[in-house]
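Engineer: Chain by chain, the residues:
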Amino acid sequence: MNRFVIIGGLVVVAGLAVAVYRAKLGAEETQGRIDELKAETVKVEKDIAVLKAEEAYLTRPERIGPIARERLGLEQASPGQYVAAEALKQRLGEERLTLPAPDATPEAPSTVSPTQQ
Amino acid sequence: MSVLDPPYEDVWGPRRVRMIAAALALVFVVIVGRSAWVVFNSPQRNDDGAAVVEQVRRADIVDRDGQLLVTTLQGWSLAADPSAIWDVGEVVDALKSVFPNLNTTQLAQTLSDKKRRFVWVRRGVTERERRAVKDLGMEALRFVEEPQRVYPNGSLAGHLLGYTNVDGAGLEGVEKIYDARLKAGGDPLRLTIDASAQYVLEEELEAAFQQFDMQGAAGMLIDANTGAVRAIASWPASDPRKRGDEPPEAKTNRAINARMELGSIYKPLTVAAALEAGKLSTADRFNVSAPVRIGSAVVREPHPLANASSVSASDIIVYSSNIGSALIAQRIGPEKLKTFLGDLGLLGGVTITGPQTASPLTPAEWDQTAMATVAFGHGISVSPLAFAMTYSPFATGGELVTPTFLEPVDPATVQRKRVMSRETAATVLAMLRRTVVEGSGKLAEAQGYEVAGKTGTAEKPTPDGYDPNRNITSFAAVFPASRPQFVVLVVLDEAQPRTGAIRTASVTAATIAGNVIARAAPLLDVQPVLGAPTVKAASLQGSDGPRSEGVAQ
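Here the protein sequences line up with chains A and B, keeping their order. Convert by adding 5 to the 1-based position in the first sequence; the result is the number in our numbering. Convert by adding 41 to the 1-based position in the second sequence; the result is the number in our numbering.
Worth double-checking, as some hints may not be accurate.
Covered by chain A, according to a simulated footprint, are these stretches of chain B (three or more residues, beta-carbon under 8 angstroms) [as the list claims (entries may be wrong)]: (1) 111 to 123; (2) 491 to 499.
Here chain B is said to cover these stretches of chain A; the calculated rule only asks that three of the stretch's residues, wherever they fall, bring their Cβ under 8 angstroms from a Cβ of chain B [to be verified]: (3) 50 to 63; (4) 73 to 85.
Treat the hints as calculated values from the structure; they're not laboratory data. Where is the CB? At the ideal position from N, CA and C, for every residue including glycine.
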């Protein structure tokens, strides 16, 4: 009996040792994977930093202003291009006169094109 | 062992004991072997055997909208192993072909020390230089990857941003002031600066140099309600990429670290002090037709005013009367003027978050003479930034705000100090608007943005007195006058028009300030004033108001 207990105990200890070993091995593999991902993250972060720097370089005001002007014809807004909110409301009100009534059914013939709407 | 002891019972047997011992020894060997493997093949080490060190990346610096101003990228530095060099001269000559400005004598001396295994040759090399060195094919040279500060916008906001040394330690500007915060990494440091407005300001200061022969310039745009500095620049510009290897005139940040006598832009402060003290009303008239002696100073007008025998306080500002300003100051006395200017932060003692301004140079004794000269901006030197803030009360209804350089700016925590009544602020604001509509600041007008400001032309002090041929010209303003949002200040040092002889602020600084406002206001979301303005500038003009005979100061 005593012998069986000892042998059984040894088997259990051996089993536990194997389990611990496997767990440790698994942890190391996982740690290795984590390190790989961390290294990958660092690399991606570096790449992102480079891309952001390139974006900032390409969109710097010194460069983007002339390009917007020459290629897109964009100019800085002049005060004359602004309209007071009251004037806008009035203008919209006049235009609404030409639009269909709000309760008009979809089937009703429309007098304005979609672009006008 | 005694013979009386019971006989030893060998239940295992020596053979089995040896087997177990061998098994245990095997387990032990495995454990030791595995331990050794863990020690020498730890996943914490990379393929080169060098330990993986997680470095904290120095934080980026961005503008208020997140536009990247400064970042950190991995770069390369060149190192050498002197012990592996056979012919130092050959290596030095080869490196000289890649780095023409290399100090060959010093490098040859360093590389000749065969006891050393590692020396830096060049920190922070470009990709082109790296390729060129690699093409040399010299085994003793190697590249080390290390972080480098990068400024994608070049010299934009260079004075404010400052720079770091090769080891990433902040040496100047924001890089130095917030060094600890930046070293800790994390989120970008967000400045109040607007990159687009900053560019406009810098471009206009550069354009000023095309228009005027000048020694230097400074300018700034500040949110009058929060103190957020949206643009601040000093000319000549400083390029952070040069790490301070620039001429002295480019190193000085004139906007913050220089102090200057700014001249007549002080006159609105004198008027405000008198209004606040109850010693002046808008209906009061002054005789400025003849020089006056106050203390030991004889105050004269550089340009005589029409109807000079009867001018209002508004006229004194609009046509920039030195005599009138001195007479107004005389009403309140030196102590009250000193206290008022002190409340505005012009005598020091204002704590701001960010770059510290140059300490002011103020009169040693506030007597009648000092009072009379300070009244029109002489005898007191302050930094342009410190002065710009004194116009914030005209925009906020009497409250002085403290400049700030970091976002987010919480309106609830903005430092405000009431320095004048709402009525005084409104009255002086109307006078400033009138100065632009019909006085010395006409060229500063930006259509739709109701500029309200004052010109200043101050002779530069020298050890032999004031030099009439060298001026500091300035223009300080708030805009739009109907609903003030921003303070602007432009200062030009010894600006001399390249064509024409007039070099007063009405021609120099006012023109540049007007250009800055016209271009920067839309970028700063300032809606132009449409329709009739609410500030009745003309209402402050006396019916017999004067007209300047000469060029307004």
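Engineer: Would you mind marking each hint as holding or not holding in the structure?
Structural biologist: Going through the hints against the structure:
1. For the region 111 to 123 of chain B, the assignment as covered by chain A holds, since 4 residues bring a beta-carbon within under 8 angstroms of that chain's beta-carbons and 3 suffice.
2. For the region 491 to 499 of chain B, the assignment as covered by chain A is violated, since 0 residues bring a beta-carbon within under 8 angstroms of that chain's beta-carbons and 3 are needed.
3. As drawn, the region 50 to 63 of chain A meets chain B at 10 residues by the rule of a beta-carbon pair under 8 angstroms; at three or more, the given contact holds.
4. Only when three residues or more bring their CB closer than 8 angstroms to a CB of chain B does the claim for the region 73 to 85 of chain A stand; here the count is 5, and the claim holds.
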